[in-house]
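**Student:** Here's the letter readout for the chains.
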Amino acid sequence: MSIRDLVPRGIKRRTPVRRLEDNDLFSFHREMNRLFDEFFSDAGLLPSGGADREGSGRFSPRVNVAETDTGLKVVAELPGMDEKDVTVEVDDQSITLRGERKEEHEDKQENWYRVEHTYGSFQRVIPLPAEVNGAKAEASFKKGVLTVTLPKRAEVEGKKKRIAITAG
Amino acid sequence: MTQGTDVLSPERGTVESQEVNRVTAVCTPAVDIVERRDDVLLTVDLPGVDDGALEVNVENGILTIAGQSRLESVQGFEPVYREHVAVAYRRVLRLSDRLNPAGITAHLRQGVLRLAVPKREEIKARRVPISAG
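Protein chains in written order, with my numbering: chain A, 382 to 549; chain B, 49 to 181.
The following block holds chain A by itself, in its conformation from the complex:
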């Protein structure tokens, strides 16, 4: 017996997919899921690492940017790489990380069971929230984490001022 025989005649032309899309409750459910996902990823509770990177099939480092009044810090996760595998370029308003995560093949007799890592070359251009002095940038690599410290340009430092509010 084919699956068609189980479907009552009148319903044949309406595919299940269409019915799900037409259903308001279903799209509402989906929208709620999306909102929840967004909310938690914005809060930093769901690191977007695993699934997202696996989905794209290409390695792309996760990057944080943080600032103080005088400088910026760019922190990138680059597991399995060292300073020889990565190039960092800074201009006034952006930083570029470029490099390659190489697959390790030691032995011809290897039998792969599971490959969750993504490999290959990557490039990320990250816009910076302030002008920086690229000449004074410092970078260090520890535990597969690259940290680049960038001083802000002197004339920019004073631009953002906190204004005291007086009561009364």
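These are calculated hints, taken from the structure and not from any lab test.
Mixed in with the good hints there might be a few duds.
What the hints assert, rightly or not - Here's a subset of chain A near chain B, in silico, CB distances under 7 Å, partners left out:
1) Pro460
2) Arg495
3) Glu497
Idealized CB from N, CA, C, for every residue including glycine.
Here the structure of chain A is known, so what remains is to put chain B in place on it, guided by the hints.
**Tutor:** What follows is chain B alone, placed relative to chain A:
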């Protein structure tokens, strides 16, 4: 632990947050598993994890990898973009009976953990000598 995980079908683990006042996410690190002639090599990404913050345990054939990453370098800084946070990594895998958990060796370098789990002596591939005559 009674999780029915298999070395070929790992499962997401859970972790209890140790520090309440800190945003700590749980992350399942990516694992590559490759069988070599005498052992099985597991490669696990654990960026930001110190040797001291990493634990690898085997109990009843269940291998547990647990580590805590630290991003101390950005303390005092105001986040602008954030794609990763300090996380508790956890991965649970069941080891096959054909492996010898007593002989596991672990190396953590550049944020990547490499675990070599030797096969049991009796199942290692052997070349059978052929005598002529």
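**Student:** Any hints this thing doesn't respect? Which numbers, in order?
**Tutor:** none
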